[in-house]
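> Turn these sequences into a full structure, and let the hints guide you.
Number of protein chains: 2
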Amino acid sequence: MAHENIPYKIYLNESEMPEAWYNLRADMKNKPAPLLNPATHEKMKAEELEQVFCRELVEQELNDTDAFIEIPKEIRDFYKMYRPSPLVRAYCLEKKLQTPAKIYYKFEGNNTSGSHKLNSAIAQAYYAKKQGLKGVTTETGAGQWGTALSMACSYFELDCKVFMVKCSYEQKPFRREVMRTYGASVTPSPSMETNVGRRINELHPGTTGSLGCAISEAVEVAVGTPGYRYVLGSVLNQVLLHQSVIGLEAKAACDKYGIKPDMIIGCAGGGSNLGGLIAPFMGEKLRGERDYEFIAVEPASCPSLTRGVYAYDFCDTGMVCPLAKMYTLGSDFIPSANHAGGLRYHGMSSILSQLYDDGFMKARSVAQTDVFEAAEQFARVEGILPAPESSHAIRVAIDEALKCKQTGEEKTILFGLTGTGYFDLVAYEKFHNGEMSDYIPTDEELAKFRANLPKIDQK
Amino acid sequence: MAHENIPYKIYLNESEMPEAWYNLRADMKNKPAPLLNPATHEKMKAEELEQVFCRELVEQELNDTDAFIEIPKEIRDFYKMYRPSPLVRAYCLEKKLQTPAKIYYKFEGNNTSGSHKLNSAIAQAYYAKKQGLKGVTTETGAGQWGTALSMACSYFELDCKVFMVKCSYEQKPFRREVMRTYGASVTPSPSMETNVGRRINELHPGTTGSLGCAISEAVEVAVGTPGYRYVLGSVLNQVLLHQSVIGLEAKAACDKYGIKPDMIIGCAGGGSNLGGLIAPFMGEKLRGERDYEFIAVEPASCPSLTRGVYAYDFCDTGMVCPLAKMYTLGSDFIPSANHAGGLRYHGMSSILSQLYDDGFMKARSVAQTDVFEAAEQFARVEGILPAPESSHAIRVAIDEALKCKQTGEEKTILFGLTGTGYFDLVAYEKFHNGEMSDYIPTDEELAKFRANLPKIDQK
Numbered sequence: 001m002a003h004e005n006i007p008y009k010i011y012l013n014e015s016e017m018p019e020a021w022y023n024l025r026a027d028m029k030n031k032p033a034p035l036l037n038p039a040t041h042e043k044m045k046a047e048e049l050e051q052v053f054c055r056e057l058v059e060q061e062l063n064d065t066d067a068f069i070e071i072p073k074e075i076r077d078f079y080k081m082y083r084p085s086p087l088v089r090a091y092c093l094e095k096k097l098q099t100p101a102k103i104y105y106k107f108e109g110n111n112t113s114g115s116h117k118l119n120s121a122i123a124q125a126y127y128a129k130k131q132g133l134k135g136v137t138t139e140t141g142a143g144q145w146g147t148a149l150s151m152a153c154s155y156f157e158l159d160c161k162v163f164m165v166k167c168s169y170e171q172k173p174f175r176r177e178v179m180r181t182y183g184a185s186v187t188p189s190p191s192m193e194t195n196v197g198r199r200i201n202e203l204h205p206g207t208t209g210s211l212g213c214a215i216s217e218a219v220e221v222a223v224g225t226p227g228y229r230y231v232l233g234s235v236l237n238q239v240l241l242h243q244s245v246i247g248l249e250a251k252a253a254c255d256k257y258g259i260k261p262d263m264i265i266g267c268a269g270g271g272s273n274l275g276g277l278i279a280p281f282m283g284e285k286l287r288g289e290r291d292y293e294f295i296a297v298e299p300a301s302c303p304s305l306t307r308g309v310y311a312y313d314f315c316d317t318g319m320v321c322p323l324a325k326m327y328t329l330g331s332d333f334i335p336s337a338n339h340a341g342g343l344r345y346h347g348m349s350s351i352l353s354q355l356y357d358d359g360f361m362k363a364r365s366v367a368q369t370d371v372f373e374a375a376e377q378f379a380r381v382e383g384i385l386p387a388p389e390s391s392h393a394i395r396v397a398i399d400e401a402l403k404c405k406q407t408g409e410e411k412t413i414l415f416g417l418t419g420t421g422y423f424d425l426v427a428y429e430k431f432h433n434g435e436m437s438d439y440i441p442t443d444e445e446l447a448k449f450r451a452n453l454p455k456i457d458q459k
Numbered sequence: 460m461a462h463e464n465i466p467y468k469i470y471l472n473e474s475e476m477p478e479a480w481y482n483l484r485a486d487m488k489n490k491p492a493p494l495l496n497p498a499t500h501e502k503m504k505a506e507e508l509e510q511v512f513c514r515e516l517v518e519q520e521l522n523d524t525d526a527f528i529e530i531p532k533e534i535r536d537f538y539k540m541y542r543p544s545p546l547v548r549a550y551c552l553e554k555k556l557q558t559p560a561k562i563y564y565k566f567e568g569n570n571t572s573g574s575h576k577l578n579s580a581i582a583q584a585y586y587a588k589k590q591g592l593k594g595v596t597t598e599t600g601a602g603q604w605g606t607a608l609s610m611a612c613s614y615f616e617l618d619c620k621v622f623m624v625k626c627s628y629e630q631k632p633f634r635r636e637v638m639r640t641y642g643a644s645v646t647p648s649p650s651m652e653t654n655v656g657r658r659i660n661e662l663h664p665g666t667t668g669s670l671g672c673a674i675s676e677a678v679e680v681a682v683g684t685p686g687y688r689y690v691l692g693s694v695l696n697q698v699l700l701h702q703s704v705i706g707l708e709a710k711a712a713c714d715k716y717g718i719k720p721d722m723i724i725g726c727a728g729g730g731s732n733l734g735g736l737i738a739p740f741m742g743e744k745l746r747g748e749r750d751y752e753f754i755a756v757e758p759a760s761c762p763s764l765t766r767g768v769y770a771y772d773f774c775d776t777g778m779v780c781p782l783a784k785m786y787t788l789g790s791d792f793i794p795s796a797n798h799a800g801g802l803r804y805h806g807m808s809s810i811l812s813q814l815y816d817d818g819f820m821k822a823r824s825v826a827q828t829d830v831f832e833a834a835e836q837f838a839r840v841e842g843i844l845p846a847p848e849s850s851h852a853i854r855v856a857i858d859e860a861l862k863c864k865q866t867g868e869e870k871t872i873l874f875g876l877t878g879t880g881y882f883d884l885v886a887y888e889k890f891h892n893g894e895m896s897d898y899i900p901t902d903e904e905l906a907k908f909r910a911n912l913p914k915i916d917q918k
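Protein chains in written order, with my numbering: chain A, 1 to 459; chain B, 460 to 918.
Worth flagging that the hints you see were computed from the coordinates, not collected in a lab. Fair warning: there could be bad hints in the mix.
[Stated by the list, open to error] Calculated from the model, a selection of chain B residues having no Cβ within reach of chain A, i.e. all distances over 12 Å:
no., residue
1, Asp486
2, Arg514
3, Asp536
4, Glu629
5, Pro647
6, Asp721
7, Glu743
8, Ala796
9, Glu841
10, Thr871
11, Asp883
12, Glu888
13, Ala906
14, Ala910
[What the hints assert, rightly or not] Taking lysine to aspartate or glutamate pairs in the EDC-like style, the calculated list, with each CA pair at most 20 Å apart, reads:
no., chain 1, residue 1, chain 2, residue 2
15, B, Lys532, A, Glu94
16, A, Lys405, A, Glu284
17, B, Lys468, A, Glu19
18, A, Lys9, B, Glu629
19, A, Lys96, B, Asp858
20, A, Lys73, B, Glu463
21, A, Lys362, A, Glu429
22, B, Lys468, A, Glu94
23, A, Lys9, B, Asp536
24, A, Lys9, B, Asp618
25, B, Lys554, A, Glu157
26, A, Lys96, B, Asp618
27, B, Lys532, A, Glu4
28, A, Lys31, A, Glu4
29, B, Lys539, A, Glu4
30, B, Lys468, A, Glu16
31, B, Lys555, A, Asp159
32, A, Lys430, B, Glu629
33, A, Lys9, B, Glu478
34, B, Lys889, A, Glu170
35, B, Lys532, B, Glu661
36, B, Lys539, A, Glu94
37, A, Lys256, B, Glu629
38, A, Lys9, B, Glu533
39, B, Lys715, A, Glu4
40, B, Lys821, B, Glu752
Note that beta-carbon positions come from the ideal geometry of N, C-alpha and C, so glycine has one too.
Here it is, written out as structure tokens:
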């Protein structure tokens, strides 16, 4: 085993940073299903997508053949402000668990957005600027994506309008001030500023909102305002493409030190972090070069992979976006208000859905208090206060390391630590006070939401 | 000039991290004045100090002859979890300012305490554990020190009791949850749990507290509880010793890349960050090897160097601590409640006071809104949301870079970016809303506090 003399933190040199993103779709035999027009159920054309998204991002969205897409220099320069991110050997956690497993995590929290979201935000802002746009709109759940986008827009001097899921807006008031520091405007969603928002507020008075609803609002404003486009922080192929920088760096660091992960674990909401982290490793698996075990971890309160169906569905509550084929709980699904922060999306990236359906990846769901227990245990030995989202991956990494303790296996575990929990202290407080709920939707509830899937030929 | 091909972030390798702290006092001809017993006005003996502080820390406190003191392996291992910290080239800030100056900053915020405070916290916790103590008490202002100490105590499984200045406790409720995550107990100060706290609450009903008062409370509890000692996050010689790790790393990184700072800038409250950052550079200056310009930056609302007197004073409001000779505003001084966060201490480290008095270092005071303007400007181009404390240094670094723009000088500026502002969003919000006050104490007010200096032979 080559795990001796590994530093606590592996930082690549700037010269070792990737110069191209890796497009996993190029190596997939079963490509992710195309986006469909919600009215005609025909494959979305580039021209149609360009009403909503920036031109070059549409190209990236549709490109499933080129394995590598160059990262423009302007984006690489911005990456240098906070990347490469460290690959950390969790020596202290290993010691605490007394496990023979070797645990590594790729830490994406060392930037002000507090997460990996900045990797795609800066790319999307760059292409918007390049196209000569005035600004962009978006939604945000836990607020990480909105913060990331506001940072990126500030850098390129673009307007930034953020619809923030109402329960997060209320639980995380300080996120708003960070976004304001970067010059963004932030509106709690559902709002009364859009047709979709007014309709949802009328149908569901007092709703705490959902990502699906915030997306609809942001799209409505983008499409209706000249010089604006909509950008999205997860789910889309382009986002997973940008996030491949995580996996490429992780793999370069592993290769440099002779580390060979047996198991790669990531939390999964829309799939941006997991898809990015596993991309180059999954590429090896798809090409038959090397095997890995991949585990997507989702909250038991929003279990799209483990309890959803694989079908075409609406990406948003307002049904204004294209249809995507994905593991989904139904576009009306809204997780319990007691569920903390992110990983609230009803569906899963089409790329990951296809890989999961083809058996290349496993999924596991975990309960909220178990996640916070893992978070606290991790914080106390590794120093970093993890985001609740990231802590889903920590939970499973710890579980797997404890299994190794029982079996004596010296597995190498790599997980994605997507971000920090500095803006999640309300949730930590609930956990400390024993007020955290572990509500899990019943089969009957899930069936109800599933009944609203679009009526098209669901192959 | 050797400023070409410098990466955005310089990370030393683990093997390049310092193995010993640098004790600046060894190179000072005029040593900092000794601590005095507040009752007898005699030089404090080690035995007396050991009632309050851990044994080995007392040794370090009194040692003004050994230039290097080894960093125990346990502490170096902990340092590896979040150090070396990056030396960042502020390319984007330089570009924004269009200055010929080269700007570098040593960023200490990439750990959960959000600041440099962890460097000394882990050392103090280690020596407490080594001595077989049960726990430690302390005070915290902005909460960074308390968070750092709770992390350190959690790592070594020590009890941690924190008295938090009341205005910060109220402005930064989430800090409490972070400390709780690490198992600490947090009490707003002045409390009703100590004699000192009860007396101050009676004399000044509704007081928002001060560091000096919180110190008194923490010392009272430490001295009155078997198996406990008091630890302090700034001011003391031992703290500056531990913080020399900042300067040693910064200097190693500069030397590695041929960077020669002309000017080194740091914010100064009690002096821990500034003293640590400048230590090895100041050593060169004291030994006549190289000249640097050092600038301490303090808030205009708490101007101990620029408007204080150099005299023996009480370190705490309750007058239970030893007397220290320092630049001071008087131990009763409490900055305006409108003053954001840290840098609230009435006095300044004896080491820095002596160096300032001997003309080796300059000082400048800056107004609060000017500081937040610099903070926002910095955040927007460099990505990092800075702590208000750190932003004092940013303000002066920007001012100096703009002077270079006028004169055409290509000065190399190094400043200390001590931490992040994730828990300072209430202050940022006030700034955004135009509700920030720039209150500066009048000469009459300062004279009133100065009248309470201890009546001893003030040479």
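> Checking one constraint from the list: CA of lysine 554 (chain B) to CA of glutamate 157 (chain A), max 20 Å. Satisfied?
Satisfied, since the Cα-Cα distance of roughly 15 Å is no more than 20 Å.
> Does glutamate 19 (chain A) sit within 20 Å of lysine 468 (chain B), going by the straight-line distance between their CA atoms?
The hint holds at about 18 Å.
> Is the Cβ of aspartate 721 (chain B) more than 12 Å away from each Cβ in chain A?
Aspartate 721 (chain B) clear of chain A: closest Cβ-Cβ about 24 Å, beyond 12 Å.
> Going straight from one Cα to the other, do lysine 9 (chain A) and glutamate 533 (chain B) come out at no more than 20 Å?
holds (17 Å)
> Taking 20 Å as the top limit, are the C-alpha atoms of lysine 532 (chain B) and glutamate 4 (chain A) close enough?
holds (18 Å)
> Threonine 871 (chain B) clear of chain A by more than 12 Å, beta carbon to beta carbon?
Check passes; 20 Å lies beyond 12 Å.
> Holds or violated: are the alpha carbons of lysine 9 (chain A) and aspartate 618 (chain B) at most 20 Å from each other?
violated (29 Å)
> Between lysine 468 (chain B) and glutamate 16 (chain A), is the straight-line Cα distance small enough, at 20 Å or below?
Holds - the C-alpha atoms of glutamate 16 (chain A) and lysine 468 (chain B) are around 14 Å apart, at most 20 Å.
> A cut-off of 12 Å on Cβ-Cβ distance, and arginine 514 (chain B) was said to be off the interface with chain A. Does that hold?
The claim stands: arginine 514 (chain B) keeps its Cβ more than 12 Å from every Cβ of chain A (closest is about 27 Å).
> Confirm or reject the statement that aspartate 486 (chain B) sits farther than 12 Å, beta carbon to beta carbon, from all of chain A.
holds (32 Å)
> For a C-alpha distance cap of 20 Å, please report whether lysine 405 (chain A) and glutamate 284 (chain A) respect it.
violated (28 Å)
> Can we trust that glutamate 743 (chain B) is non-interface, i.e. its beta-carbon lies farther than 12 Å from all of chain A?
The assertion about glutamate 743 (chain B) holds, with a minimum of 28 Å to chain A.
Hint violations for this structure: numbers 3, 9, 11, 12, 16, 18, 19, 21, 22, 24, 28, 35, 37, 39, all remaining hints satisfied.
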